[in-house]
Amino acid sequence: MKTKVMFISSEGGHLDELRQLEFDKYDYSIVTEKTKTTKFLKDSYGKKIHYLLYGTRRTPIRYFFILLINFFISLILFIKIGPKVIVTTGTHTAVPMCYIGKLFGTKIIWIETYANRTSKTLAGKMVYKIADIFVVQWEEMKKLYPKAIYFGSIY
Numbered sequence: 001m002k003t004k005v006m007f008i009s010s011e012g013g014h015l016d017e018l019r020q021l022e023f024d025k026y027d028y029s030i031v032t033e034k035t036k037t038t039k040f041l042k043d044s045y046g047k048k049i050h051y052l053l054y055g056t057r058r059t060p061i062r063y064f065f066i067l068l069i070n071f072f073i074s075l076i077l078f079i080k081i082g083p084k085v086i087v088t089t090g091t092h093t094a095v096p097m098c099y100i101g102k103l104f105g106t107k108i109i110w111i112e113t114y115a116n117r118t119s120k121t122l123a124g125k126m127v128y129k130i131a132d133i134f135v136v137q138w139e140e141m142k143k144l145y146p147k148a149i150y151f152g153s154i155y
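Numbered according to the working numbering, the sequence shown spans residues 1 to 155.
In short, the hints are calculated from the structure, not lab data.
Just so you know, not all the hints are guaranteed correct.
Said to hold, decoys possible - Okay, the calculated beta carbon distance ranges per label pair:
1. Y150 <-> K107: 24 to 32 Å
2. Y150 <-> K25: 35 to 43 Å
3. P60 <-> D132: 30 to 38 Å
4. E140 <-> K42: 22 to 30 Å
5. E140 <-> K80: 18 to 26 Å
6. E22 <-> Y99: 24 to 32 Å
7. G13 <-> L53: 29 to 37 Å
8. L21 <-> Y99: 16 to 24 Å
The structure displayed is predicted, hence computed values, not measured ones.
Glycine included, C-beta positions come from ideal geometry on N, C-alpha and C.
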């Protein structure tokens, strides 16, 4: 029996990184933001793909409400999917799901984005303390996240 794993990230580069991982080893689900650039994923992943609302911090008031709505969508998806492990490359889209998962005893694996080599991401800072495994893709990042594991680039 394969382990139930949820792979979650925001769209764009974070999703590109996430898609480098091997999903087929697991009973997997993918969660990302619904945008023009992610709609095509239904063709590839069918019922294994789930969407959250797209939000950006450039519109703070709207972003707050989207984050709140996404929290409730995340809770529903978490209950529906029932993952034993959550794997994420970030960012804000994944934070609520990580905290929900942690409350239910799900293992959290955070992969800090390849885009950051010398500074922490806001989402990474928020999840670092609850992640069971925190992975960095640059050796320099171990200075910022001492408990992190360096695996190198996933590209």
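Hint by hint, here is what the structure shows:
1. Y150 <-> K107: 24 to 32 Å: Given about 19 Å between the Cβ atoms, the range is violated.
2. Y150 <-> K25: 35 to 43 Å: violated, 22 Å
3. P60 <-> D132: 30 to 38 Å: holds, 31 Å
4. E140 <-> K42: 22 to 30 Å: violated, 38 Å
5. E140 <-> K80: 18 to 26 Å: The hinted range 18 to 26 Å is violated for E140 and K80, with Cβ atoms some 39 Å apart.
6. E22 <-> Y99: 24 to 32 Å: This hint holds: roughly 26 Å between Cβ atoms.
7. G13 <-> L53: 29 to 37 Å: violated, 19 Å
8. L21 <-> Y99: 16 to 24 Å: Given a distance of about 22 Å, which is inside 16 to 24 Å, the answer is holds.
The structure shown violates the earlier hints numbered 1, 2, 4, 5, 7.
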